[in-house]
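Protein chains: 2
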Amino acid sequence: MKNIGILGFGVVGSGVAEVIHMNGDKIAKRVGEEIRVKRILDLRDFPDSLFADLITHDAEEFFGDPDISIVVETIGGARIAYEYTKRALSLGKSVVTSNKELVATHGVELMEIAAQNDCSYMFEAAVGGGIPIIRPLHKCLAANKIMRIAGIVNGTTNYILTNMRDSGLSYEDALKQAQKMGYAEQDPTADVEGIDAQRKLSILSTIALDGAYVSPNCIHTEGISKITLNDIIFAESINCSVKLLARFDHPFNGKPACFVAPHFVSHNAIISGVDGVFNAIMVEGNALGESMFYGQGAGKLATASAVVGDIIDSALHRHKDAHITKWYNSDEKVENYEDIKISAVVRSNDIDSVKKAFDDYQTEDVAENAIIVKDIAHKDIDKIIGSLSGASYIHYME
Amino acid sequence: MKNIGILGFGVVGSGVAEVIHMNGDKIAKRVGEEIRVKRILDLRDFPDSLFADLITHDAEEFFGDPDISIVVETIGGARIAYEYTKRALSLGKSVVTSNKELVATHGVELMEIAAQNDCSYMFEAAVGGGIPIIRPLHKCLAANKIMRIAGIVNGTTNYILTNMRDSGLSYEDALKQAQKMGYAEQDPTADVEGIDAQRKLSILSTIALDGAYVSPNCIHTEGISKITLNDIIFAESINCSVKLLARFDHPFNGKPACFVAPHFVSHNAIISGVDGVFNAIMVEGNALGESMFYGQGAGKLATASAVVGDIIDSALHRHKDAHITKWYNSDEKVENYEDIKISAVVRSNDIDSVKKAFDDYQTEDVAENAIIVKDIAHKDIDKIIGSLSGASYIHYME
Chain V
2 MKNIGILGFG
12 VVGSGVAEVI
22 HMNGDKIAKR
32 VGEEIRVKRI
42 LDLRDFPDSL
52 FADLITHDAE
62 EFFGDPDISI
72 VVETIGGARI
82 AYEYTKRALS
92 LGKSVVTSNK
102 ELVATHGVEL
112 MEIAAQNDCS
122 YMFEAAVGGG
132 IPIIRPLHKC
142 LAANKIMRIA
152 GIVNGTTNYI
162 LTNMRDSGLS
172 YEDALKQAQK
182 MGYAEQDPTA
192 DVEGIDAQRK
202 LSILSTIALD
212 GAYVSPNCIH
222 TEGISKITLN
232 DIIFAESINC
242 SVKLLARFDH
252 PFNGKPACFV
262 APHFVSHNAI
272 ISGVDGVFNA
282 IMVEGNALGE
292 SMFYGQGAGK
302 LATASAVVGD
312 IIDSALHRHK
322 DAHITKWYNS
332 DEKVENYEDI
342 KISAVVRSND
352 IDSVKKAFDD
362 YQTEDVAENA
372 IIVKDIAHKD
382 IDKIIGSLSG
392 ASYIHYME
Chain W
2 MKNIGILGFG
12 VVGSGVAEVI
22 HMNGDKIAKR
32 VGEEIRVKRI
42 LDLRDFPDSL
52 FADLITHDAE
62 EFFGDPDISI
72 VVETIGGARI
82 AYEYTKRALS
92 LGKSVVTSNK
102 ELVATHGVEL
112 MEIAAQNDCS
122 YMFEAAVGGG
132 IPIIRPLHKC
142 LAANKIMRIA
152 GIVNGTTNYI
162 LTNMRDSGLS
172 YEDALKQAQK
182 MGYAEQDPTA
192 DVEGIDAQRK
202 LSILSTIALD
212 GAYVSPNCIH
222 TEGISKITLN
232 DIIFAESINC
242 SVKLLARFDH
252 PFNGKPACFV
262 APHFVSHNAI
272 ISGVDGVFNA
282 IMVEGNALGE
292 SMFYGQGAGK
302 LATASAVVGD
312 IIDSALHRHK
322 DAHITKWYNS
332 DEKVENYEDI
342 KISAVVRSND
352 IDSVKKAFDD
362 YQTEDVAENA
372 IIVKDIAHKD
382 IDKIIGSLSG
392 ASYIHYME
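The listed protein sequences derive, respectively, from chains V and W. Here the working numbering runs 1 ahead of the position in the first sequence, where the first position is 1. Here the working numbering runs 1 ahead of the position in the second sequence, where the first position is 1.
I should point out that these hints are in silico values taken from the structure, not numbers from a laboratory. Any given hint might turn out to be false.
Treat identical chains as interchangeable: a pair holds within one or across any two.
What the hints assert, rightly or not - Computed cross-link-like contacts, DSS-like style, restricted to lysine-lysine with a CA-CA straight-line distance of at most 25 Å:
no., residue 1, residue 2
1, K27, K327
2, K301, K146
3, K356, K327
4, K256, K375
5, K342, K146
6, K356, K27
7, K27, K177
8, K384, K87
9, K146, K384
10, K177, K146
11, K356, K39
12, K30, K327
13, K146, K380
Take these sequences, add in the hints, and give me the full structure.
Put into C-alpha cells, the structure is as follows:
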C-alpha cells in the first residue's frame with residue numbers, strides 16, 4: 002500500500018481523490034499495490050464528501066505522518082503552497098502538482114530541493130490540464146531540438162473568443178457568460194490578460210531549453226481584453242480564427258523568443274479549429290517536424306487524471322524518473338520583445354499609405370483594407386504603425 | 002559512452018544514425034554521456050554514406066560486440082527481424098524498434114524475453130511514426146480507463162483520400178500519384194487494405210487494455226480500395242471527410258471492440274481536418290475525456306526521432322523504465338465483429354424503403370438519398386442492407 006496526502010481539497014484536489022477511488026483497481030494493477038489517500042489538509046470541513054473522514058486541519062499531523070510518501074499539492078498560488086511544497090520535499094516526500102504559478106515562479110529551487118532529498122517534483126497537470134504534454138515534450142521529443150511551440154493553453158480565453166464568434170457577442174458579454182458558466186473567475190484578470198498563459202509558456206519554454214529557466218518576467222504578454230467582435234468578424238472574412246497563443250520560437254542562429262499575444266490564425270493551421278474550452282499545443286522538433294497535443298485543458302477529472310498519472314509514475318520510479326531532472330538559472334537570455342520577428346495582419350482604411358510604409362518588407366494582400374506583413378521586428382512594426390493614423394495590427398500565424 | 006548497433010540501414014535505420022549525428026550534443030547532455038553508433042548490420046554497402054565505415058555484413062561480429070548495449074531494429078517484417086530481436090534480447094541488449102508488424106505479431110513473446118533478461122523492448126515509433134502516443138497512452142493516461150480510440154494511423158491512405166478530394170482523382174489515379182511521390186509502395190496492399198492500420202490498432206488496443214494482447218487476427222479490417230470519388234464528393238456534401246479509422250471502443254459493460262474501416266467523419270470532429278500524410282489519434286479516457294495526438298506518421302527523421310527518444314530513455318533507465326512492462330495472452334476476448342454496434346451513413350435512391358427497413362433504429366436525415374443509422378450491430382445492418390436493392394453503407398463518426 003502506497004499512502005498519499007492531498008494539500009487543498011478544492012476542484013482538482015477532490016478530483017484526485019475521486020479518480021483514485023473510481024479507477025483504483027486499474028491503478029493498483031499498474032503500481033503493483035494499492036494507492037490510498039490517507040490524509041487531506043484543508044482549512045475547511047467537507048461533511049458531505051466521501052472523503053470527509055480524511056480531512057485534517059493540522060499541518061503538523063499531515064507532515065508528521067511517516068506513511069505518506071507522495072504529497073499532492075492542489076492549493077494553488079505561490080505562498081502557502083510554496084511553503085508546504087518545500088516542507089514536503091525537504092522530508093523526502095515526492096510532490097505532484099497542477100500549480101503552474103508555483104512551478105513557473107519557484108521551479109528551479111523546488112527541483113533542486115527534490116534532487117537533494119532524492120524525491121521528485123512532478124507537474125504534468127500544470128500545462129494543458131489533462132493533456133499529456135510535459136512528458137511527451139521532455140521524453141518522447143528528447144532527440145529533437147525544439148524549434149517552435151504555439152499553444153492555446155488557456156481555456157477561458159478560448160471559450161470567450163469562440164463564443165464571441167459563434168454567438169456574435171461583445172467581449173464584455175462573452176466574459177459575463179463565461180463567468181456564469183463557471184469558465185471564468187469573478188476576477189478574470191489572470192486569464193484574460195494572459196498571465197495564466199504566460200506561466201504555462203514559462204514552463205514549456207524551460208523544458209524546450211532542457212531546463213534553462215525562462216522566467217515569466219521575461220515573457221512579454223498581451224491578453225484578449227482589447228479584442229472586439231469586429232476583429233473576430235474581420236478575421237473570419239480572411240479565413241482566420243482569433244486565438245490567444247503562447248509562442249516559443251528558437252531559430253537556428255538566434256536566441257529563443259517567447260511571447261503571449263492574440264493572433265489571427267489561418268484556417269489552414271489545424272490549431273485554428275481548436276474551439277471552446279479545449280486546449281492544443283503545437284510543437285515542432287528539428288527531427289520530428291510538427292506535432293500537436295489536443296484535449297481538455299482544465300476541468301476537475303481531466304486535470305486530476307494527469308496528477309494521478311504522475312502519482313503512479315512517482316510510485317513506480319521514485320528515485321529515477323523525475324521527468325524533469327533539473328532546472329537551472331541560465332545566462333542564456335531570451336530575445337528582447339522588441340527584436341522578435343513576427344508576421345502580422347495590418348488593417349487601415351488608407352491601405353495605400355500602409356503598403357507604402359511597409360515597402361521594405363514582404364507583404365501579401367488579404368483584403369481591401371488589410372495586408373499581411375512578414376518577418377518584421379516588433380520595434381519596427383510598432384514604429385511604422387505609430388507613424389500612420391488609423392492603422393493597427395494583430396499577430397498572424399499561418 | 003553508450004554504444005548502439007543498428008540492424009538494417011534503410012530509411013528509418015539511416016535516419017536514426019542521422020538524428021544521433023545531428024543532435025548529438027543535446028542527446029549527450031540529456032543522457033550524461035555520448036550515444037555512439039558503433040556498428041550497422043546490413044547486407045548492402047553504403048559507400049557514399051557518412052556511416053559507411055560502420056557497416057558490417059557479419060551478424061556474429063555485430064552480436065558478439067560486448068560494447069553494444071542497445072540495438073535498433075529497423076529491418077522490418079517478422080522473419081529475420083524476429084530472429085535478430087530474440088537474439089539481442091537474449092543477450093541482455095535492449096531493443097528499440099519502429100517495426101509494427103513484429104511488435105503486433107510477437108510482442109508478447111519478445112517482451113517476456115526482455116523481462117527475463119533484464120532489458121527493454123521499446124517501440125514508440127511503431128505507431129504514429131514520430132508522434133508521441135505509446136508513452137502518453139501508457140504513462141500519462143495511466144490513471145484512466147481507456148474508453149475509446151479512433152486513429153488515422155496510415156499516412157498513405159490518408160494522402161490518397163485527401164488527394165482524391167482536393168484534385169478530383171479516382172482511387173486508381175490517386176494511388177498512382179502516391180506511388181510516384183514515394184508515399185505508397187509498388188505493392189500497396191498492406192497500406193490500402195488496412196493491414197498496416199490493423200497492426201497499429203493491435204498495439205494501441207493491447208496498451209489500452211493494460212497488456213491484455215489483442216492479436217491483429219482478431220481485428221476485422223477493411224481498406225480504402227473500394228472508396229470512389231463519388232463517395233468522397235457525397236461525404237463532403239453532408240459535411241464529412243472520408244477517413245480510414247482504426248477504432249477501439251470499450252463500453253462500461255461490454256467487451257472491447259476493435260476494427261479498421263473507412264468512415265464518414267463529421268467536420269465537427271477535429272480529426273476530420275487531419276489531411277495528407279499526417280496522422281492523428283484520438284484517445285478518450287474515463288477521467289481525461291477526449292485528447293488527440295497529431296503529427297507526421299511516417300518519414301525518415303520523424304520516425305527516427307521517436308526511435309532515438311526510446312534509445313535515450315533506455316540509456317537512462319535500462320532496468321526500470323521499459324514503458325510496457327508486460328503483455329500477456331488474455332482470455333478476455335474482443336467483441337465479435339458481427340456484434341459490434343456502430344453508426345453508419347446509408348445511401349439509396351429508394352430512401353423511403355431504407356427508412357422503413359431501419360424503422361426500429363434511431364435515424365437521422367442527412368440528404369435526399371441518405372440517412373444516418375445509429376447504434377446498430379454489424380450483423381443487423383448487413384442483413385437489412387442485403388435485403389434492399391441498391392442500398393449501401395459506410396461507417397460514420399460524429
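Item to check | Intra- versus inter-subunit Cα pairing at 25 Å for K384 with K87 | outcome: This pair counts as neither: shortest intra-copy Cα distance 46 Å, inter-copy 66 Å.
Checklist entry - When no copy is named, should K146 and K384 be tagged within, between, both, or neither for a Cα gap of at most 25 Å? => result neither (33 Å within a copy, 54 Å between copies)
Checklist entry - Using 25 Å as the alpha-carbon threshold, which applies to K356 and K27: within, between, both, or neither? => result Answer is neither: 62 Å inside a copy and 43 Å across each miss the 25 Å cutoff.
Checklist entry - 25 Å Cα cut-off: does K342 pair with K146 within a copy, between copies, both or neither? => result Cα proximity of K342 and K146: one copy only (20 Å, versus 44 Å across).
Next on the checklist: One pair to classify: K177 and K146, alpha carbons no more than 25 Å apart. Within, between, both, or neither?
Outcome noted: neither (42 Å within a copy, 36 Å between copies)
Next on the checklist: At most 25 Å between CA atoms: does that hold for K30 and K327 within a copy, between copies, both, or neither?
Outcome noted: between (30 Å within a copy, 12 Å between copies)
Next on the checklist: For K301 and K146, with the copy left unspecified, which applies at a CA distance of at most 25 Å: within, between, both, or neither?
Outcome noted: Classified as between; 16 Å across copies, 33 Å inside a copy.
Checklist entry - How would you classify K356 and K39 at a CA-CA limit of 25 Å: within, between, both, or neither? => result Intra 66 Å, inter 57 Å, cutoff 25 Å: neither.
Item to check | Homomeric proximity label, K256 with K375: Cα distance no greater than 25 Å | outcome: within (19 Å within a copy, 54 Å between copies)
Checklist entry - Between copies, within a copy, both or neither: which fits K27 and K177 at Cα up to 25 Å? => result Neither way: K27 and K177 sit 41 Å apart in one copy and 47 Å across, limit 25 Å.
Item to check | Status of K327 relative to K356 across identical chains (alpha carbons, at most 25 Å) | outcome: Answer is neither: 48 Å inside a copy and 63 Å across each miss the 25 Å cutoff.
Checklist entry - From the Cα coordinates, with 25 Å as the cut-off, is the pair K27 and K327 best called within, between, both, or neither? => result between (31 Å within a copy, 15 Å between copies)
Going down the numbered hints, you'll see the structure goes against 3, 6, 7, 8, 9, 10, 11, 13, while the others check out.
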